[in-house]
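Peer 1: Given next are the chains, with one letter for each unit.
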Amino acid sequence: TQLLEQSPQFLSIQEGENLTVYCNSSSVFSSLQWYRQEPGEGPVLLVTVVTGGEVKKLKRLTFQFGDARKDSSLHITAAQTGDTGLYLCAGANSNYQLIWGAGTKLIIKP
Amino acid sequence: NAGVTQTPKFRILKIGQSMTLQCAQDMNHNYMYWYRQDPGMGLKLIYYSVGAGITDKGEVPNGYNVSRSTTEDFPLRLELAAPSQTSVYFCASSPQGIKNSPLHFGNGTRLTVT
Chain A
1 TQLLEQSPQF LSIQEGENLT VYCNSSSVFS SLQWYRQEPG EGPVLLVTVV
51 TGGEVKKLKR LTFQFGDARK DSSLHITAAQ TGDTGLYLCA GANSNYQLIW
101 GAGTKLIIKP
Chain B
1 NAGVTQTPKF RILKIGQSMT LQCAQDMNHN YMYWYRQDPG MGLKLIYYSV
51 GAGITDKGEV PNGYNVSRST TEDFPLRLEL AAPSQTSVYF CASSPQGIKN
101 SPLHFGNGTR LTVT
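Those protein sequence lines, which keep their order, are chains A and B. For what it's worth, this note's numbering labels the leading residue of the first sequence as 1, then goes sequentially. For what it's worth, this note's numbering labels the leading residue of the second sequence as 1, then goes sequentially.
These aren't lab readings, by the way, just hints derived from the structure by calculation. Hints are supplied without guarantee of correctness; some may be wrong.
[As the list claims (entries may be wrong)] Chain A side only, calculated, beta carbon under 8 Å to chain B, not exhaustive: (1) L4; (2) P8; (3) F10; (4) L11; (5) P39; (6) E41; (7) G42; (8) A68; (9) L98; (10) P110.
[As the list claims (entries may be wrong)] Derived BS3-like pairs: lysine-lysine, alpha-carbon spacing no greater than 25 Å straight-line: (11) B:K14 / A:K105; (12) A:K109 / A:K57; (13) A:K105 / B:K9; (14) A:K70 / A:K57; (15) A:K105 / A:K57; (16) A:K59 / A:K105; (17) A:K70 / A:K105; (18) B:K9 / A:K70.
Every residue, glycine too, gets a C-beta built ideally from N, C-alpha and C.
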């Protein structure tokens with residue numbers, strides 16, 4: 001069974017601080033997607049990374065795909081209260097199925 | 001453009017009852033999916049469809065059924081509700097398979113079985 005482990009499970013920090021969320025697996029993925037989910041809503045795609053070593057930036061969010069395509073990280077610079085939410089990673093395997101991490105619940109305090 | 005619409009938003013069922021969770025998308029997407037989300041767990045795929053008339057089992061299909069008579073609609077049926085089916089259910093769609101396109105999610109149906 002393929003697993004995608006996210007860490008930390010929960011993170012509460014002050015506005016203005018930096019943070020990194022990790023998504024790790026022993027399996028290789030053809031691509032990896034990051035989603036953000038707010039209470040009472042469905043996940044919304046933030047970014048897809050495809051190439052090993054790829055780095056993508058979305059304003060203050062930086063996403064990196066590991067060289068071996070087994071892991072990924074999301075770094076937020078100068079977190080804002082609007083960044084609060086559940087962050088989910090999902091890897092596409094060779095059977096074209098999405099394997100989901102359990103999520104990181106992020107709370108940014110004003 | 002409504003995207004993916006799920007109804008109802010909330011539902012409480014007694015053990016043994018049945019119900020249908022509705023899902024409709026107006027983006028003309030071929031692929032549609034049903035997931036359940038439980039606290040502390042990743043999204044689990046229940047069923048998926050690659051086009052009208054075609055459905056296939058996902059990771060956790062037991063206790064559920066689906067149909068796909070049109071491109072737009074993908075209802076999920078629970079025949080004999082059990083407490084283990086208490087969860088939040090999400091329907092999603094994509095224009096192509098997951099390798100090439102992201103999922104568009106509805107806002108979910110929160111189901112409680114008591």
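Peer 1: Does each hint fit the structure? Answer for all of them.
Peer 2: Here is what the structure says about each hint:
1. About 7 Å separates the beta-carbon of L4 (chain A) from the nearest beta-carbon of chain B, less than 8 Å, and the hint is met.
2. Restraint check, P8 (chain A) versus chain B: the minimum CB separation of about 13 Å is more than 8 Å; hint violated.
3. Nearest Cβ of chain B to the Cβ of F10 (chain A): about 10 Å, over the 8 Å cut. The hint is violated.
4. Hint status for L11 (chain A) relative to chain B: violated, with the closest Cβ pair at about 15 Å, above 8 Å.
5. At its closest, the beta carbon of P39 (chain A) sits 10 Å from a beta carbon of chain B; the interface hint therefore is violated under the 8 Å criterion.
6. With 8 Å as the threshold, the beta carbon of E41 (chain A) comes within range of chain B, its nearest partner Cβ sitting at about 5 Å, so the hint holds.
7. A least Cβ separation of about 3 Å between G42 (chain A) and chain B falls short of the 8 Å threshold, and the interface hint therefore holds.
8. Violation of the interface hint for A68 (chain A) is found here, the shortest Cβ-Cβ separation to chain B being roughly 18 Å, above the 8 Å cut-off.
9. Below 8 Å, beta-carbon pairs count as interface contacts, and L98 (chain A) has one with chain B at about 5 Å; its hint therefore holds.
10. Interface restraint check: P110 (chain A) against chain B, minimum CB-CB distance 26 Å, threshold 8 Å, status violated.
11. With a CA separation close to 31 Å, the supplied pair K14 (chain B) and K105 (chain A) exceeds the 25 Å bound.
12. Using a Cα cut-off of 25 Å, the hinted pair K109 (chain A) and K57 (chain A) holds, with the two alpha carbons roughly 23 Å apart.
13. Distance restraint check for K105 (chain A) and K9 (chain B): the Cα-Cα separation of roughly 22 Å lies within the 25 Å cut-off, and the hinted pair is therefore satisfied.
14. Our distance criterion of 25 Å between C-alpha atoms is met by K70 (chain A) and K57 (chain A), whose separation comes to about 19 Å.
15. Our distance criterion of 25 Å between C-alpha atoms is met by K105 (chain A) and K57 (chain A), whose separation comes to about 21 Å.
16. Among the hinted pairs, K59 (chain A) with K105 (chain A) is consistent with the structure: their alpha-carbon atoms are about 20 Å apart, no more than 25 Å.
17. Between K70 (chain A) and K105 (chain A) the alpha-carbon distance is near 22 Å, which keeps this suggested pair within the 25 Å criterion.
18. Straight-line distance between C-alpha atoms of K9 (chain B) and K70 (chain A) comes to about 36 Å, which puts the hinted pair past the 25 Å bound.
When each numbered hint is compared with the structure, violations occur for hints 2, 3, 4, 5, 8, 10, 11, 18.
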